[in-house]
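Line by line, the protein sequences give chains A and B. The numbering of the first sequence is the working numbering, which starts it at -15 and goes up by one. The numbering of the second sequence is the working numbering, which starts it at 700 and goes up by one.
Hints may contain errors.
Sample of chain B residues lacking proximity to chain A, with all beta carbon distances greater than 12 Å (derived) [what the hints assert, rightly or not]:
| hint | residue |
| --- | --- |
| 1 | Val841 |
| 2 | Gly915 |
| 3 | Glu962 |
| 4 | Thr1018 |
| 5 | Gly1125 |
Stretch by stretch, here's where chain B covers chain A in the computed footprint (C-beta under 8 Å, at least three residues) [to be verified]:
| hint | segment |
| --- | --- |
| 6 | -13 to -1 |
| 7 | 14 to 23 |
| 8 | 78 to 91 |
| 9 | 124 to 137 |
Hints listed in this document are in silico derivations from the structure and should not be mistaken for laboratory results. For each residue, glycine too, the CB sits at the ideal point set by N, CA and C.
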Amino acid sequence: MEMDALYREVILDHHRHPHGGEPLPDPETEAAGKNPSCGDEVTLQLRWDGDRIADVAVLTEGCAISRASGSILADLVRSRTREQARRLAEAFRRVMHEPDGELPDDLEPGDLEVLTGVRQFPARVKCALLPWITLLEALLAAEQDRAPAAVSTEETTDGEADRG
Amino acid sequence: MNETRRSLSAPAGCEPCAAQHGECDRCGAPLRDRFPALRRTIGGRPLVYLDSAATTQRPAAVIAAEARFHREHNANVHRGMHTLAAEATDLYEGCRKRVARFLGVRRPEQVVITSGTTAALNLAARGLAPSLRPGDEILLTVMEHHANLVPWQMVAREHGLVLRHLPLTGDGELDLARLPDLLTGRTRVVALTHVSNVLGTVNPVAEIAAAAHRVGALVVVDAAQSVGHFPLTFGELGADLLAFSAHKCYGPFGLGFLVGSEEALTRLEPAWGGGEMIETVTLESATWTEIPWRFEAGTPNVAAAAAFPAALDLLDEVTLEQVRTHEVAVTGYALEKLAALGLTLYGPCDPERRGGLVAFHDPAVHPHDMAQLLDARGVAVRAGHHCAQPLHRLLGVPATTRASFAVHTTHDEIDALVDAIGYARGVFGG
């Protein structure tokens, strides 16, 4: 897909009107991620209903791709279980790095499927992944009942360098 | 420090040179033929390469010289007794002599060959630190590239040194009024860039060096953005040590230089130990060989060194005066056109006070998106903090978009940049 088509089709709508763009009044889990190569920052907030995500906010200071990715994230993980959200985030991370990766159809990835088009522009893969790797740390921290660590696109939550 | 961020409503005028439409008979169009990469197309459009501050394109003569080395002379330097080794050594030492001549340095031994500006600046910091005492001060500026900040931070931590930073005026120039406060009897080293890789500011290095020498401080200059773009000699800058990279002035990657006065180089401790840099080695200790070879441990990039003189030959053929005249003209034209778009521009308004680059910001289009969409139109620029995070913090933006120019940049290419910015804004609905 051409870059401008990608922008027009999915990125700009989310960029202009990000879903989950308002901070939650009483977040239970809050994780911060940044992309040191450009200074983009994301704050991800979650509220829980048992192990199900009751509400989510993704507050992004960054480019249109990272903002759109955060907005799509908010749409997709709201009312999903921790396990479903983790599965989606890990699948997305894999897809962005491996040509044969696939998103789980049962989780109705929708716009996220379109966003995978960003992988043909390697310099922007980190922008798309920023909210998702922040989500992975938030999910892990919630599971382990600890405060999330600071997340960087230079180092993913499993300690493996993510060079896009 | 928000005053450093402002729009240029009244663009500084510049007489566009004869290159107005890519037909400069002095320094523009004719030279374009020498750069094979400029013939590329990107998505069906001609490449508009405006990222020369990151790396300049290579002339065919440089590419050919590097290939010729690999085909005909490939051997390690020094000590080899065979013909190829002797040829490789001649080419390597020939590069040292050529750089000395290019910068008006008296003796080739004043030229240390490194892998780039960053290695040269690390050598300067690491080499000077052992002669400094805790509490000694190093004066830097807030506009430095990370390559001229982090090495000093590292040695400051190890040796208990104090870092000071010269601030900026509202015009994005160094605030020389602060120099008397910051440059004192405790200052041992002043390390600064000649030309800012973000603001474009040309710093008055000679003036600052004279002041530094009056208090007995040594002056280290990061000339990565000026060598090959300005007529300059080592002597007129007044620096004690000067670092630059071959790949930012039309040479190959993996090659740089630390040029120094004999006094300054004598003060330097080697930063790396190994082969080539020793005189005698026992199991317990070693003595250093002569300057500059004591700073060149390990196998250098001989192929790059063999090729770099071809780049300097080209610059001498055009003359650096012509190069500078052309880059000032193109920069002035770019400032005028970009200001007319209502973009926020950074650095001095007057192209005579700038190097060949312009960083800009459009609040509606993030620099990453801008650079991506410009690329979709064949225009190559750089977006990000350009390895100058502290400076961007002062400018109040995490990132900027930077267009940077070279001897082959045409006014048509500036027009293509302006068109592409219009396209990017269009995509964003602006």
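**Request:** Return the numbers of the hints above that this structure violates; sort them in rising order.
**Result:** Failing hints, ascending: 5, 8, 9.
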